[in-house]
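Trainee: If you want the building blocks of each chain, they are given just below.
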Amino acid sequence: MSWLEVLGVVLAGTLVGLDLASVPQAMFSRPIVAGMLGGLIVGDPLHGLAIGAILELFAMDSLPVGASRNPDWGPGTVAVGALAGEHPVILASGLLGLVLVAVVAAWAGGWGSHLVRRANVAAVAARRAALDAGDLRALRAVQYGGLLRDAVRALAVTALAFALGGLVSSLFARHWPGPQQLAQVAISATSIGVALHAGVRLAGSGRQSLWFVSGLAAGLLVVVTWLR
Amino acid sequence: MAEVTPAMPASRRVLLRLFVIQAAWNYERMQGIGFGYAAEPALRHLAGGPAGEKYRQALARESQFFNAHPYLAGLAVGAAIRAEFDGQPKERIERLREALCGPLGSIGDRLFWASWLPICAALGLMLFVFGARVWAAIAFLVLYNAAHLYCRVWSLRVGWERGMQVAGAMSTPVLRASARLAAPAAGVMVGLALPLAFGWQLVGAASRLALIAGALAVAVAVTLRLLRGRAGGVVVTSLLLVATWVLALLWR
Chain X
7 MSWLEVLGVV LAGTLVGLDL ASVPQAMFSR PIVAGMLGGL IVGDPLHGLA
57 IGAILELFAM DSLPVGASRN PDWGPGTVAV GALAGEHPVI LASGLLGLVL
107 VAVVAAWAGG WGSHLVRRAN VAAVAARRAA LDAGDLRALR AVQYGGLLRD
157 AVRALAVTAL AFALGGLVSS LFARHWPGPQ QLAQVAISAT SIGVALHAGV
207 RLAGSGRQSL WFVSGLAAGL LVVVTWLR
Chain D
345 MAEVTPAMPA SRRVLLRLFV IQAAWNYERM QGIGFGYAAE PALRHLAGGP
395 AGEKYRQALA RESQFFNAHP YLAGLAVGAA IRAEFDGQPK ERIERLREAL
445 CGPLGSIGDR LFWASWLPIC AALGLMLFVF GARVWAAIAF LVLYNAAHLY
495 CRVWSLRVGW ERGMQVAGAM STPVLRASAR LAAPAAGVMV GLALPLAFGW
545 QLVGAASRLA LIAGALAVAV AVTLRLLRGR AGGVVVTSLL LVATWVLALL
595 WR
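Quick note, the sequences are listed as chains X and D, same order.
Residue 92 in the working numbering is what sits at position 86 of the first sequence, and the numbering runs on without skipping anything.
Residue 579 in the working numbering is what sits at position 235 of the second sequence, and the numbering runs on without skipping anything.
Each hint should be verified, as a subset may be incorrect.
No more than 25 Å apart at the CA atoms, straight line, and that leaves these computed lysine to any residue pairs for SDA-like [what the hints assert, rightly or not]:
1. K434/D - R133/X
2. K398/D - P447/D
3. K434/D - G507/D
4. K398/D - S215/X
5. K434/D - A136/X
6. K398/D - L226/X
7. K434/D - Q186/X
8. K398/D - R143/X
9. K434/D - A131/X
10. K434/D - R134/X
11. K434/D - R143/X
12. K434/D - Q401/D
13. K434/D - A169/X
14. K398/D - A136/X
15. K398/D - A147/X
16. K434/D - R146/X
17. K398/D - A139/X
18. K434/D - A135/X
19. K434/D - W9/X
Reference listing, derived: stretches of chain D covered by chain X, where coverage requires no fewer than 3 residues with Cβ under 8 Å from a Cβ of chain X [claimed, not checked]:
20. 365 to 376
21. 391 to 400
22. 419 to 427
23. 485 to 493
24. 524 to 537
25. 576 to 582
Simulated from the structure, these hints should not be mistaken for lab results.
Backbone N, C-alpha and C fix where the C-beta goes; we use that ideal spot for every residue, glycine too.
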């Protein structure tokens, strides 16, 4: 991967990380988009999209409801999407390594958001008198400072995921004495299991859950017919 | 004759700044700083201009605590700006901001985070599985943002038009119908997408392998359900993936 591509990945990861909460919340940070962007930078959007689709299943369990601390899937997915696009012929064990790094990066991104929010509290406290007097300069300083802190967070998470992704992916690909199907089953079972849990939670209980169950039944029917 | 609502001053700049309403999100004022920043271009047009006392008082007021769904925050921003221009007492404006936090957060979370986003994500996944390739991600973005952008524009306009009576906008037939239909639609779409995504991941694999993966997926879902938030999907997933690697190492 050229330096220009690495720069593109870090820049895209930063922008996608900002999308989580700061600007503009247009869902560029969802894995299905972020993975494609990562792959696109290295000239292979499809493999980036494929890993993005797997990670989208994990992300279904972490909808950004309320003021809670949510995993940030964007920056890590851009990084692993680029790595998947760079090495399209990847073993299932290597893919499992990339998925693991993206999951850890999502957790680190959420934890970083918490730190940024705490730093923003300190920035507000430092300018409280000016803010309460309606000082525009103080307001701008806090606003732009928050944006900058979030950008630094997203950049750091992208860089971390990019560096770790290459290492862990090759480690898992080279040191995997077991069958590759084990990795394939692990990826499918965890991604679908997490998404299934999200679906059950979304559906709630009573009559509401019947909609989810009917969708699940219809999907199973289609997939059984298709796999035959 | 119907009363004509004057145009909101600097409405485009206010709308653009609404996209960064959460840039300085913090545990003390939450979206308050972003609220003040978004309202500021309009407040400059208050009597006395940006050097006037009215402007400074309004800016200080609008930068206090606020939290709502970001897409619907425009309703509160528009209404608060209108109230400032109408010369409403400061206590009434503060009460209006406080009163809007809960309902705007609740409606927005239900409509967007718990319904529209899962619907669009599930559709994107299904399109990808059926071979739409990059169009799957593009369709997801376009569909999701059509509603997102419409909501941003609509909320600011209606907030400004209704002012102190903005609460009525939350019970419009369109919003009520959307709230009623969105959750069942999300349930169906997510339910439909999961088996398809599962089939795509295991296409070509032996049926015994698919059965094992399916059983394990159910086990993962049940485990997460039993943990009930004590450990999130991210932690459980990380542990399971690392455990798989250890299992592979022990295989020989």
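Trainee: Does each hint fit the structure? Answer for all of them.
Mentor: Comparing the hints with the structure gives:
| no. | hint | verdict |
| --- | --- | --- |
| 1 | K434/D - R133/X | 22 Å, holds |
| 2 | K398/D - P447/D | 29 Å, violated |
| 3 | K434/D - G507/D | 14 Å, holds |
| 4 | K398/D - S215/X | 52 Å, violated |
| 5 | K434/D - A136/X | 19 Å, holds |
| 6 | K398/D - L226/X | 63 Å, violated |
| 7 | K434/D - Q186/X | 67 Å, violated |
| 8 | K398/D - R143/X | 17 Å, holds |
| 9 | K434/D - A131/X | 23 Å, holds |
| 10 | K434/D - R134/X | 19 Å, holds |
| 11 | K434/D - R143/X | 23 Å, holds |
| 12 | K434/D - Q401/D | 9 Å, holds |
| 13 | K434/D - A169/X | 53 Å, violated |
| 14 | K398/D - A136/X | 16 Å, holds |
| 15 | K398/D - A147/X | 21 Å, holds |
| 16 | K434/D - R146/X | 23 Å, holds |
| 17 | K398/D - A139/X | 11 Å, holds |
| 18 | K434/D - A135/X | 19 Å, holds |
| 19 | K434/D - W9/X | 55 Å, violated |
| 20 | 365 to 376 | holds (count 9) |
| 21 | 391 to 400 | holds (count 3) |
| 22 | 419 to 427 | violated (count 0) |
| 23 | 485 to 493 | holds (count 4) |
| 24 | 524 to 537 | holds (count 11) |
| 25 | 576 to 582 | holds (count 7) |
Consistency note: the structure conflicts with the earlier hints numbered 2, 4, 6, 7, 13, 19 and 22.
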